[in-house]
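K.L.:
For reference, the chains in residue letters:
There are 2 protein chains.
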Amino acid sequence: MSTAVSPLAPSDVPEMPAIAGVRLATAAAGIRYKGRTDVLLALLDKGTTVAGVFTKSKCPSAPVEWCRAKLKGGAARALVVNSGNANAFTGKTGKASTALTAQIAAKAVGCSTSDVFLASTGVIGEPLDATKFDGVLAQLAETATPDRWMDAARAIMTTDTFPKVATATVKLGKARVTINGMAKGAGMIMPDMATMLSFIFTDAPLSASVLQSLLKAGVEDTFNALTIDGDTSTSDTLLAFATGAAAAHGAPKISRASDPRLKAFTKAFQQILADLSEQVARDGEGARKLVEVVVEGATTKPSARRIAMSIANSPLVKTAIAGEDANWGRVVMAVGKAGEPANRDKLSISFNGIRVAKSGARDPSYNEKEVSEAMKAPKIQIKVALGLGKAKDRVLTCDLTKEYVAINGDYRS
Amino acid sequence: MSTAVSPLAPSDVPEMPAIAGVRLATAAAGIRYKGRTDVLLALLDKGTTVAGVFTKSKCPSAPVEWCRAKLKGGAARALVVNSGNANAFTGKTGKASTALTAQIAAKAVGCSTSDVFLASTGVIGEPLDATKFDGVLAQLAETATPDRWMDAARAIMTTDTFPKVATATVKLGKARVTINGMAKGAGMIMPDMATMLSFIFTDAPLSASVLQSLLKAGVEDTFNALTIDGDTSTSDTLLAFATGAAAAHGAPKISRASDPRLKAFTKAFQQILADLSEQVARDGEGARKLVEVVVEGATTKPSARRIAMSIANSPLVKTAIAGEDANWGRVVMAVGKAGEPANRDKLSISFNGIRVAKSGARDPSYNEKEVSEAMKAPKIQIKVALGLGKAKDRVLTCDLTKEYVAINGDYRS
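In order, the protein sequences belong to chains A and B. Taken in order, the first sequence gives residues 1221 to 1633; the numbers are from our numbering. Taken in order, the second sequence gives residues 1221 to 1633; the numbers are from our numbering.
Next up, chain A with everything else stripped away, as it sits in the complex (with noise of 0.2 Å):
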């Protein structure tokens, strides 16, 4: 299994400020790996709101099933993210060793338990011994300071190839507020799937409803227009927190969603999360090739998202991409198989700017060379456009390769 770092990392890693009211401090627990850290505690001061959203999964890890219930506090003291073992389809011993863990740390932070939100990737299947947090999560909340963003970053990955960060930094109301947010995925580790795990920290004031209206809205066309092999995990957690330190320079404390002054925030809070979601693209698993799928010119934003996702998720188009290769063909056999209004003689499809397929066939001017030469970009966009209506969608994944094959596949070989 390659453990270079993805070639299409971002060159820029971003200089991580802190965040009135977030501390951090990492560990190395020993969960399973060796000689690197898999404990990450974020202590969270007094009025901290929080919002999450979860995986869609009929299986859901027993970290989520706490998270979801805890979420009606709308309340937040610590954050407790392990990786080495995702405490996923672990049975009743699951439900308690996310208890144990929420103990620990509410009695380390000084803390109800109902205030402790947490969250495991990793192995699945394996009990998770939450003991080993005991003496851990004390002394991380003795030690935590508020710069360790990237540390934090690094203790949550996986098989992640690099750290996953994003920043930003706005005005809400008079006052300069900031949004700092990691994310892990599309990692891989034996035996286990890909998880994503995302956390938002923002110093601004806002009310736990506002935050989950954000969240909602702000995942649809970020982490919801990802995939990378169509497989979704037990795991998947991605909350937000607000401690509302900035109120004390003066930001406004905000309670609806719809408040004008917002406008700056929301804008910002969504770039974060199409950045994390971007780079969890450019980390996929064996990925050479960022893939961006438009379709355009569909009868409804979501019948666009539906055939998007279908192309996206091709086998056999994203091989294409892997092996440089234009195959409108097979971008065509994914729009006809979403099942959305299609009609093949109006279809006209991209790749990188260059049209090769027109009115339900080969663009006249189709020029082999040409069209060889641009795939061999980073960076792939697949345009389709179906000539039925307005609406259009995009959805970001990446290329198939033999290296994903090899990374899921191999371990036993």
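Read the hints as simulated data drawn from the structure, not as lab findings.
Pairs involving identical chains hold if they fit within one copy or between any two copies, as the list cannot separate such chains.
Think about it this way: if two alpha-carbon atoms lie no more than 20 Å apart in a straight line, the pair counts; the simulated SDA-like pairs of lysine to any residue are:
1) 1578 / 1311
2) 1278 / 1561
3) 1312 / 1605
4) 1315 / 1581
5) 1276 / 1526
6) 1315 / 1563
7) 1312 / 1581
8) 1622 / 1508
9) 1599 / 1574
10) 1483 / 1470
11) 1254 / 1379
12) 1312 / 1568
13) 1578 / 1592
14) 1473 / 1293
15) 1327 / 1359
Go by the hints and put chain B onto chain A.
P.N.:
Using the frame of chain A, we list chain B on its own:
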């Protein structure tokens, strides 16, 4: 690209008997391939009825549209199949090409164009030059004989690694009738997609509507319960022809699908479809394992089917099988993402009869060595017991290997 015969190819190839009323001939028309046959003409005696089922793609190929239209007549005199060019996504040219092919065939056979059925497989997006059939089909019509079944099965192959045939002889009333079938599929030709074509022939005197009923019921648990990569071709075609010749030696004419005399025939017909569809899975691109996914204890059969398909189409499950890894965590993931009723804590999962997970956690009797040994078998059964109801279903697929990626992605590198 490997040209070796799939290790999963059946060891026994049946002797294919003649079917009264059917004559076959093949030729090398030079559509795309060199040094091999690429056209099949099947001549059908007067009185032959026909039925068909086709791809559900919204962007079907020109021959699929041709057949759908002609099926209304219920009568057939000729079937023309070519490999090398799918005549798909070829716009108006494609439609004209089907009309010209049918004209040439009708003239050669001496029938109406509406009694000619067409299927094409191969490159898509390239115009099919139907003038190449000129002269060729006339010669084939003159030289066709009843015994060319293996030649026929070979002429329709693209990159299939073995020809796929099946036969059965059963009683209809007091007479013996024969069913012969052939299929191609899961092969690939650059730059193209897999297409499944299958043709069934019988001398039983069945009305077109009876044949259509048999076909519709028959595909449900055979060809429709088969997936290689979740990608649906624009060209999938399954046609059945009944010459009625067995009426001459006493077979009763059947005009109602509910006729009790059809019982043995229906069973044999279904068996042929099951046999051929399993052969397609055995020749799945790059396949090294045949995988049977059984879901039981579901609330309904469609629900069981959707869960089974979710497992069978999961790249993570398929790569795990390729790696001989009994990765039930990924099976749980695929159950969870299907969106169907499932209760994590009631799930049990077995690989080749060895239970590895029970009541939502690892089976206490799990023996790594025993399971690893079992995963080396060329056929793997994944059984999921949901524990919710009494419905069950079954889907066939194959593993996902680096060879799949090589076949579909490597040809430009």
